[in-house]
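Enquirer: Produce the entire structure from the sequences given, and follow the hints as far as they go.
Chains A and B are the protein sequences, given in the same order. Numbered according to my numbering, the first sequence spans residues 33 to 300. Numbered according to my numbering, the second sequence spans residues 91 to 502.
Treat the hints with caution; some may be incorrect.
[Stated by the list, open to error] Pulled a few chain B residues facing chain A out of the computed Cβ check, cut under 10 angstroms: (1) Ser141; (2) Val379; (3) Gly382; (4) Asp391; (5) Ser396.
[Unchecked claim] Looking from chain A toward chain B, a few residues come up when the C-beta cut is under 10 angstroms (computed): (6) Phe92; (7) Pro100; (8) Gly184.
Derived from the structure by calculation, the hints contain no laboratory data. Here the structure is a predicted model, which means the values were calculated and not measured. Note that beta-carbon positions come from the ideal geometry of N, C-alpha and C, so glycine has one too.
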Amino acid sequence: MPNGQSRNSIALTFERLQASKRRAFIPYITAGHPDPQVALDVLTMLADEGADVLELGVPFSDPIADGPTIQRATWQAIEKGVDIGRVIAWTAEFSAQRDTPIVLFSYLNPVLRYGPERFLQDARDAGAAGILITDLPVDADPELERRLSAGGLDLIRLVAPTTPRVRAVRIAEAAQGFIYYISRTGVTGERERLRQGLREDVETLRSVTDLPIAVGFGISNADQARAVAEIADGVVVGSALVRKLEEDGLSSARALAREIRTAIDAAL
Amino acid sequence: MSSKSKRQPAGGRGLLTDRFGPYGGRYVPETLIPALDELAAAFEAAWEDDSFRADLDRLLREHAGRPSALTRAERLGRELGGVDVYLKREDLNHTGAHKINNTLGQALLARRMGKRRLIAETGAGQHGVATATAAALFGMECCIYMGERDMARQALNVFRMELLGAEVRAVGAGSRTLKDATSEAIRDWVTNVGETHYIIGSVVGPAPYPCLVREFQTVIGREARQQMLATVGLPDAVFACVGGGSNAIGIFHGFMGDAGTELVGVEAAGAGLDTGLHSASLARGKAGVLHGSLSYLLQDDAGQVSEAHSVSAGLDYPGVGPEHAFLKDQGLSRYESVSDDEALESFRTLSRLEGIIPALEPSHALAQLGKEAERWRGRKVLVCLSGRGDKDVAEVARLERGGRAQGEGEER
Chain A
33 MPNGQSRNSI ALTFERLQAS KRRAFIPYIT AGHPDPQVAL DVLTMLADEG ADVLELGVPF
93 SDPIADGPTI QRATWQAIEK GVDIGRVIAW TAEFSAQRDT PIVLFSYLNP VLRYGPERFL
153 QDARDAGAAG ILITDLPVDA DPELERRLSA GGLDLIRLVA PTTPRVRAVR IAEAAQGFIY
213 YISRTGVTGE RERLRQGLRE DVETLRSVTD LPIAVGFGIS NADQARAVAE IADGVVVGSA
273 LVRKLEEDGL SSARALAREI RTAIDAAL
Chain B
91 MSSKSKRQPA GGRGLLTDRF GPYGGRYVPE TLIPALDELA AAFEAAWEDD SFRADLDRLL
151 REHAGRPSAL TRAERLGREL GGVDVYLKRE DLNHTGAHKI NNTLGQALLA RRMGKRRLIA
211 ETGAGQHGVA TATAAALFGM ECCIYMGERD MARQALNVFR MELLGAEVRA VGAGSRTLKD
271 ATSEAIRDWV TNVGETHYII GSVVGPAPYP CLVREFQTVI GREARQQMLA TVGLPDAVFA
331 CVGGGSNAIG IFHGFMGDAG TELVGVEAAG AGLDTGLHSA SLARGKAGVL HGSLSYLLQD
391 DAGQVSEAHS VSAGLDYPGV GPEHAFLKDQ GLSRYESVSD DEALESFRTL SRLEGIIPAL
451 EPSHALAQLG KEAERWRGRK VLVCLSGRGD KDVAEVARLE RGGRAQGEGE ER
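Expert: The following block contains the structure:
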């Protein structure tokens with residue numbers, strides 16, 4: 033299964049979901065956290081609990097878009113020797129057994145250091161479906177973006193609440209796979225409530241793109257997941273799962289994943 | 091100040107450029123892109139506005155105490171075997187360093203943009219104090235991010251910032267020093283971007299910051315050039331220390347068009363370039379992205395950013411301004427590095443010979459001049475004395491008593 037169908041696996045996943053009127057559950061985890069030994073178990077658990085797309089975070093020493101939970105997970109992973117090479121290796125192992133598309137989620141510097149072409153090649157060979165570079169906004173580096181989006185993997189782009197409409201149109205043109213809408217200004221992390229106006233913003237974004245829209249940042253529990261599933265095609269949950277993994281381990285994270293999956297499915 | 095010369099870095103559009111050759115750029119989360127656009131537009135409009143320039147000039151004169159003096163260092167020159175040495179005295183500015191040039195300018199710009207809150211990162215506290223000073227002057231809310239480790243050893247500057255009305259927030263993450271304080275300030279900005287202006291302390295960060303900070307610091311070079319011309323003529327060389335590199339960019343730009351003036355930037359070699367304990371990003375770093383721009387960066391093979399080390403807090407940063415990366419690659423300025431011990435020796439020498447206690451940062455520039463003094467005998471050399479050493483005397487005293495250097499991660 034590595035190679036081959038991965039190119040369109042994100043699109044196929046969303047098509048399948050739309051046909052059955054379901055929304056995507058998209059967990060984010062920091063690769064190798066809480067321990068590299070269970071890296072594969074965590075991915076398998078999330079797939080078992082009905083994840084539709086997996087966001088697998090490559091740890092970077094200076095994660096400026098992340099809040100305390102993912103920062104901590106990141107540094108723990110780095111201390112335990114997690115790097116891009118190992119993340120790709122886990123992707124390959126997982127993809128040999130399961131179909132759930134993996135999006136490699138990274139800051140730019142580890143990718144530059146590894147080599148963008150080599151990263152694309154190895155990620156593709158490993159069966160990854162997409163890549164998302166947090167600190168590579170649209171048009172920041174056109175030549176690099178061209179290479180990254182022509183590499184056979186979906187280059188997922190982000191839209192923020194601060195993004196003006198004209199720029200959202202531009203991002204929609206450049207985006208592949210799905211659009212990741214950041215639910216609020218700020219860094220990743222759990223929040224008590226969703227932002228007012230989120231529904232309107234997602235609707236506005238929908239008017240400029242045909243791609244599926246996933247919403248992330250701050251979605252921490254089943255109620256919020258359900259509310260987001262009412263308005264978007266996919267729900268990204270990161271910090272809440274990462275915290276469960278850190279504090280209570282795999283079974284507790286499994287319980288949360290199951291709750292969220294159920295809540296998302298109850299939305300429509 | 092944009093004198094046309096082969097040494098003028100190629101620029102895209104007008105005053106602000108996003109790139110210096112391949113370096114610079116805007117590698118930030120999407121949320122910040124509109125804020126950077128807004129900042130660039132506001133700066134360009136302000137810079138064209140005579141009343142903004144007049145306000146800034148008045149602030150620099152009446153609050154910061156500009157123009158700063160040019161001092162001939164006669165006894166030092168003799169000690170070096172007959173070099174004609176001039177010091178640009180940024181140490182005489184209010185708050186004790188060149189940092190105030192930038193913070194007054196950015197605070198004035200922030201007020202014009204309708205922002206009510208200023209945030210900044212700081213290491214030892216010089217940039218934090220300069221930001222808190224500007225915030226107090228304009229009656230703006232102020233929050234300074236500082237690593238826990240730095241707060242512990244720079245308690246006096248923490249108190250100073252608090253006296254000025256700023257809140258100092260401890261950063262307990264990562265290495266708990268400047269690099270992490272900068273990341274945390276960026277996170278604050280991402281979160282509160284509507285009402286908050288982030289005053290970056292050096293010519294680093296995403297565009298337009300490297301250009302913006304440069305424009306506020308070129309006052310150093312502009313004044314120095316006029317002062318040199320009015321007395322002895324253009325210098326044969328200009329020496330300045332480089333951490334992020336704002337004082338160096340500021341003074342270099344005064345002489346970019348002067349082909350006969352060699353520009354020398356001096357990085358911190360810490361315990362030695364081969365020990366791994368240094369801050370010499372240009373000498374030993376590789377191109378990489380940190381805090382929003384592409385430049386030389388100290389990093390490991392996995393692309394994780396390394397911790398920098400230097401006895402001098404202000405040079406202790408694993409990155410460097412992207413314009414320096416470009417100037418280095420193009421051979422438009424020369425970069426050297428100086429160890430902790432060499433800098434400490436120059437710190438003492440200038441104090442003893444000239445009655446000026448320099449900060450440890452410009453002590454690196456002085457030390458490099460000392461190392462190549464022979465070459466400059468009978469010639470005129472200008473050194474940017476970017477700050478005064480008051481903040482460093484306790485650390486130097488500790489070192490003299492045989493204590494371990496606490497050098498990591500302080501001021502920029």
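Enquirer: Could you run down the list of hints and mark each one as holding or not?
Expert: Going through the hints against the structure:
no., hint, verdict
1, Ser141, "29 angstroms, violated"
2, Val379, "5 angstroms, holds"
3, Gly382, "7 angstroms, holds"
4, Asp391, "7 angstroms, holds"
5, Ser396, "8 angstroms, holds"
6, Phe92, "7 angstroms, holds"
7, Pro100, "7 angstroms, holds"
8, Gly184, "22 angstroms, violated"
The structure is inconsistent with the numbered hints 1 and 8, although it conforms to all the rest.
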